[in-house]
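**Q** Quick note: the sequence shown, position 88, residue 88 per our numbering, numbers continuous.
Simulated from the structure, these hints should not be mistaken for lab results. Fair warning: this is a prediction, and the values are worked out from it, not measured in the lab. Backbone N, C-alpha and C define an ideal beta-carbon position, used for all residues, glycine too. A portion of the hints provided could be inaccurate.
What follows is a list of derived Cβ distance ranges for each label pair [as the list claims (entries may be wrong)]:
hint : residue 1 : residue 2 : range
1    : LEU369    : GLY251    : 14 to 24 Å
2    : ALA227    : ASP380    : 48 to 58 Å
3    : GLY216    : LEU364    : 47 to 57 Å
4    : ALA270    : ASP16     : 34 to 44 Å
5    : ASP16     : GLY322    : 30 to 40 Å
6    : ASP16     : SER60     : 22 to 32 Å
7    : ARG59     : ASP380    : 38 to 48 Å
8    : GLN271    : SER184    : 43 to 53 Å
9    : LEU291    : PHE189    : 52 to 62 Å
10   : ALA9      : GLU339    : 53 to 63 Å
11   : GLU288    : ALA227    : 34 to 44 Å
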Amino acid sequence: WRVARQWPARYYGQTDDDCVIDLPRLAHIVQAMPRRDVYAGKLFYASINGTTSDQMPLRSCFTDHGATAALGTKAFFPNCKPTRGPIPYINGPLIVLSEDVSTWLINSSAHPLHSFETTAHQTDAQLGWELSFHPSLSLVDLGFILGGSFTSNNVRAHPSDPIMGSYAHPTKARPAGIVAHKVSNPSDFELVAARQQKDRAEEPKPLAAQCSALRGRDRERFCPSGASSFTCSPWSAQLAEVDAFPPEFQGWRLCQSPREAAAAAKAAEAQDESFHSTNMSSVIGAAEQWLAVARPGVCAPTTGPGDCERGTMGSFKDAGLGNVRSWEQLAVRCKWLCEGCARCRHISASLAFKDCSWFQDCSLDALSLAAPGFKSAPVDAISLEYLQKLDES
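Turn these sequences into a full structure, and let the hints steer you where they fit.
**A** Listed below in structure tokens is the structure:
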């Protein structure tokens, strides 16, 4: 990144020597990105110890199965618990930084990225680790827009890559996208170049095509004045798991293409409608009271539903928890579940894990912080007035 700064530019990119990139279509995508704070590409997650050799045995801490899996890995794999994470990182076939982020990286990094020859995932995650201390990045997840599958842009399987090689057919080349990876021979290069030329002729501006496919309110909202752009909003508001990520991520934004932004908005609206259909929104004040006194941490680990008649703790497994999108909704749902459990006196809740754990006894002065993102408080923190409303609903 320091070497690239010899050439003044608004954005800087990193790729591999076996990639073929459709530059005109990529330029269209980059022009639609925010002007500042950009960290863009295909998103993965890891928990590592930064740029020290301690990260080398942490292969189990890397995941390509999303934020939920990354959070579970951090919580339940002993060697991942003391590491920093989960952190998002961009996969190597294409990484894009805006000029200001590149400057921040060069000026803030205490030492160069670890130079041991390791897997590409590890070296990319080292960059993610450095950037994970930035207070306000705009994370642009390019996902499927670059082509290939969500996890891989490989044209063919590569025998030396056991993680990513399995996603590509070993003998039949997959159609090329904007970024084609593992292009290892002249025939594959010709195949990729021809396919990219054909795609560019048919759809020169992928984001404009997405805007054309949207209708009515969605087009007005996500393609204002017909412009192709990424829609950015607080990451923590879009992904509940971020609540348990390191503090810096609470200030990051997630930027989505018009199609992805419209789909995410519809999913959020459906979840809100599902929650409100339970008629529990009338007791939102009860949740606010509980949250006002809740403390960070969990009373104790729970491993099952427990026995509400004779037990001392358990975890409510309820399909309704999957529909909550805010702490207020979660607190209301947990309180409603607690009302049906005779021995529930305290609640430990996590928006990230979508969990409500109940306890007969709990020392609020000795809460465990081993599992991040939990808050705990006694049930009687909610007034009688709201309990009555809860019973009615």
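**Q** Against this structure, judge whether each hint is valid.
**A** Now the hints, each set against the structure:
1. Range check, LEU369 to GLY251: about 21 Å between beta-carbon atoms, so the 14 to 24 Å window is met.
2. Between ALA227 and ASP380 the beta carbons are some 53 Å apart, a value that agrees with the proposed interval 48 to 58 Å.
3. Separation of GLY216 from LEU364 is about 50 Å and conforms to the stated range, judged on CB atoms against 47 to 57 Å.
4. Between ALA270 and ASP16 the CB atoms are about 39 Å apart, so this pair conforms to the stated range of 34 to 44 Å.
5. Distance hint check for ASP16 and GLY322: the Cβ-Cβ separation is about 38 Å, which falls inside the suggested range of 30 to 40 Å.
6. With their beta carbons about 24 Å apart, ASP16 and SER60 fall inside the hinted range of 22 to 32 Å.
7. Against the hinted window of 38 to 48 Å, the Cβ-Cβ separation of ARG59 and ASP380 comes to about 46 Å, which satisfies the hint.
8. In this structure the supplied range 43 to 53 Å holds for GLN271 paired with SER184, their Cβ-Cβ distance being about 44 Å.
9. Here the CB-CB span from LEU291 to PHE189 is close to 57 Å, well matched to the stated 52 to 62 Å.
10. Between ALA9 and GLU339, the C-beta spacing of about 59 Å keeps the proposed range 53 to 63 Å intact.
11. Between GLU288 and ALA227 the C-beta distance comes to about 39 Å, which sits within the given range of 34 to 44 Å.
The structure fails none of the hints (numbered hints given earlier).
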